[in-house]
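Peer 1: Residues per chain are reported as follows:
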Amino acid sequence: MKIVTMLKDVVRSLVKRPFTRPYPREKQPAPERLRGKLHYNPEKCTGCCLCSMECPANALELITLDKKEKRFVMRYHLDRCTYCAQCVQNCRFGCLEMSPAEWELAAASKEPFTIYYGNEEDVATVLAKHTGTDAEPPG
Amino acid sequence: MHTNEHTQKAETFIVPIGPQHPALREPGHFEFTIEGEIVTAASVRLGYAHRGIEKGTESRNWVQNLYMLERICGICSHIHATAYCLGVEQLAGVEAPPRAQAIREMVAELERTHSHLLWLGEAAHEAGFETLFMYAWRDRETVMDILEALTGNRVNYSANLLGGVKYDVTGEQASKIEQGLDYLEERTRHYLDVVTSDPVFIQRTRGIGVMTAVQADRLGVVGPTARASGVVRDVRVEAPYAAYTAFPITPVLAQAGDLEARFVVRLRELFESYGVIRRILANLPPGELVLKRMPRRIKAGEAISRVEAPRGELFYFIRSNGSDTPDRVKVRTPTLCNMASVLTLTVGRHLADVPMILVGIDPCFSCNDRGLVLKRGADHEHWTWDRLRQIGLDYYAGERGSGGVGGTSISPAPLPPCPPALLTGMHV
Numbered sequence: 746m747k748i749v750t751m752l753k754d755v756v757r758s759l760v761k762r763p764f765t766r767p768y769p770r771e772k773q774p775a776p777e778r779l780r781g782k783l784h785y786n787p788e789k790c791t792g793c794c795l796c797s798m799e800c801p802a803n804a805l806e807l808i809t810l811d812k813k814e815k816r817f818v819m820r821y822h823l824d825r826c827t828y829c830a831q832c833v834q835n836c837r838f839g840c841l842e843m844s845p846a847e848w849e850l851a852a853a854s855k856e857p858f859t860i861y862y863g864n865e866e867d868v869a870t871v872l873a874k875h876t877g878t879d880a881e882p883p884g
Numbered sequence: 030m031h032t033n034e035h036t037q038k039a040e041t042f043i044v045p046i047g048p049q050h051p052a053l054r055e056p057g058h059f060e061f062t063i064e065g066e067i068v069t070a071a072s073v074r075l076g077y078a079h080r081g082i083e084k085g086t087e088s089r090n091w092v093q094n095l096y097m098l099e100r101i102c103g104i105c106s107h108i109h110a111t112a113y114c115l116g117v118e119q120l121a122g123v124e125a126p127p128r129a130q131a132i133r134e135m136v137a138e139l140e141r142t143h144s145h146l147l148w149l150g151e152a153a154h155e156a157g158f159e160t161l162f163m164y165a166w167r168d169r170e171t172v173m174d175i176l177e178a179l180t181g182n183r184v185n186y187s188a189n190l191l192g193g194v195k196y197d198v199t200g201e202q203a204s205k206i207e208q209g210l211d212y213l214e215e216r217t218r219h220y221l222d223v224v225t226s227d228p229v230f231i232q233r234t235r236g237i238g239v240m241t242a243v244q245a246d247r248l249g250v251v252g253p254t255a256r257a258s259g260v261v262r263d264v265r266v267e268a269p270y271a272a273y274t275a276f277p278i279t280p281v282l283a284q285a286g287d288l289e290a291r292f293v294v295r296l297r298e299l300f301e302s303y304g305v306i307r308r309i310l311a312n313l314p315p316g317e318l319v320l321k322r323m324p325r326r327i328k329a330g331e332a333i334s335r336v337e338a339p340r341g342e343l344f345y346f347i348r349s350n351g352s353d354t355p356d357r358v359k360v361r362t363p364t365l366c367n368m369a370s371v372l373t374l375t376v377g378r379h380l381a382d383v384p385m386i387l388v389g390i391d392p393c394f395s396c397n398d399r400g401l402v403l404k405r406g407a408d409h410e411h412w413t414w415d416r417l418r419q420i421g422l423d424y425y426a427g428e429r430g431s432g433g434v435g436g437t438s439i440s441p442a443p444l445p446p447c448p449p450a451l452l453t454g455m456h457v
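Protein sequences, first through last, are from chains A and B. Every letter in the first sequence is one number past the one before it in this note's numbering, and letter 5, counting from 1, is 750. Every letter in the second sequence is one number past the one before it in this note's numbering, and letter 169, counting from 1, is 198.
For reference, chain A alone in the conformation it holds in the complex:
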């Protein structure tokens, strides 16, 4: 029977650098498949709404301004998103992708968590329409 079975581990650790990483001073590159912030490109979008329909967190709202002219605005709620990438899977036209680089998403206020994607003009139209009535869901 041994006396102290983990003594070797402990002694060896005395001369080693700490195992923990000195984040945020040193940043490790995130894995390629990391699911970070969602990006939407309206160019190829057909407005089928499969992304928002199957979003488990109701984090996506696809606002159709003109389906024929293909004017879509995506309202993306970063704080509700569960980063499951089901929307990316659902999109047959490759309009959606999750960025592996953007994952430090904390903010001190609520505003940065609602993101509008689309042409500048269209976003402005949507914002003008929703000013004051853009009710956040309870909770």
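Take every hint as true, because none was put in to throw you off.
Simulated pairs of lysine-lysine, DSS-like, Cα-Cα distance not exceeding 25 Å:
#1 A:Lys772 x A:Lys761
#2 A:Lys782 x A:Lys772
#3 A:Lys813 x A:Lys789
#4 A:Lys812 x A:Lys874
#5 A:Lys789 x A:Lys812
#6 A:Lys789 x A:Lys815
#7 A:Lys772 x B:Lys205
#8 A:Lys761 x B:Lys205
#9 A:Lys789 x B:Lys321
Some chain B residues judged to face chain A by a derived CB distance under 7 Å, without partners named:
#10 Val92
#11 Gly181
#12 Val223
#13 Ser226
Pair ranges (Cβ atoms, derived):
#14 B:Arg322 x A:Asn864: 29 to 35 Å
#15 A:Arg762 x B:Arg235: 32 to 38 Å
#16 A:Ala851 x B:Leu417: 35 to 41 Å
#17 A:Asp824 x B:Thr274: 40 to 46 Å
The set of hints was computed from the structure by calculation and includes no laboratory data. Even glycine gets a Cβ: it sits at the ideal position worked out from N, Cα and C.
The hints should help you fit chain B onto chain A, whose structure is shown.
Peer 2: Leaving out everything else, chain B in the frame of chain A:
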């Protein structure tokens, strides 16, 4: 009050633990009747972390539910998603491609590795062996990194889809996984040596919480807890699912039935997992990752899906009425099956052994907390969903000062007692 009366009458003392307690990481209420240092009776009350997930599934579509059910457990998330996917695929009459099934099995075994290493640390911490705790968790990071590289997340991997999986294994990843497994294998061998030879640690585990095979069978325990008592109970072997027919595992058994056996079984199971992951990587079937067409509406019917979670058998019952949302999803997690053994095994032991016996089943409280409605014929205590909702509305209306809406007699304070028909879990 109850405690005082009891003390005077029988000279015993009841130690209540929880639901909020610094030593418990999750809420659960235990009452241990002790005489001196020896536990003479034990009871448990569960249900404090009830989240209404089963009811929630009825208002979400089949795809949305996948992600909600995955969040039942933060440790064994993938196996919940797998159980659900297999059940829904069974209902829809489709089967995921072989490559997807193999990847499902591989992620499940990686998850088992992470879960068992986490448990090893947790159990060592409970025994006061902090060194083992820290090193086990350090090495667990290896498998967490593998999972993150493979699926894009450390915890809720979201690797499953209805009808397949999202992510493939690339050649570069396969070699990284191999490297990680080599390191983990070496470390697991070391930990197995530690838990079976450290004299101080053995004092906390050897001969403690002994459960015989007969007892294990009678109490209906599952998973490594049962296998440590020599009972072969492993869904991967009894009813192979996913790719377990093509890549089988050998169940790991121990006969002693004590805490040490539970350590040995879980650690030896890791070698099985490493072996099967290597076999899958070497012989990954070619083909698609996901079915071309998965119906949005699932045919009406009922399905039962059983899988082996790291803690034991996980059971899913899914009923569809033909729409795009499930009619009923019932989940039974392994902790509920194993909880009865804690109450039996702690009796006659020192109070100080109780945390170790509890941690020996690898409990996960919030996973097992489900609502349970007992219907006894014309039971007046059967509260319907509408009635519960009305009571809730009335309660809060009363609290705001308007009071007594709808003519119910429920006053805002004190809280109405929990009707026996709604008791969750068990009360032994």
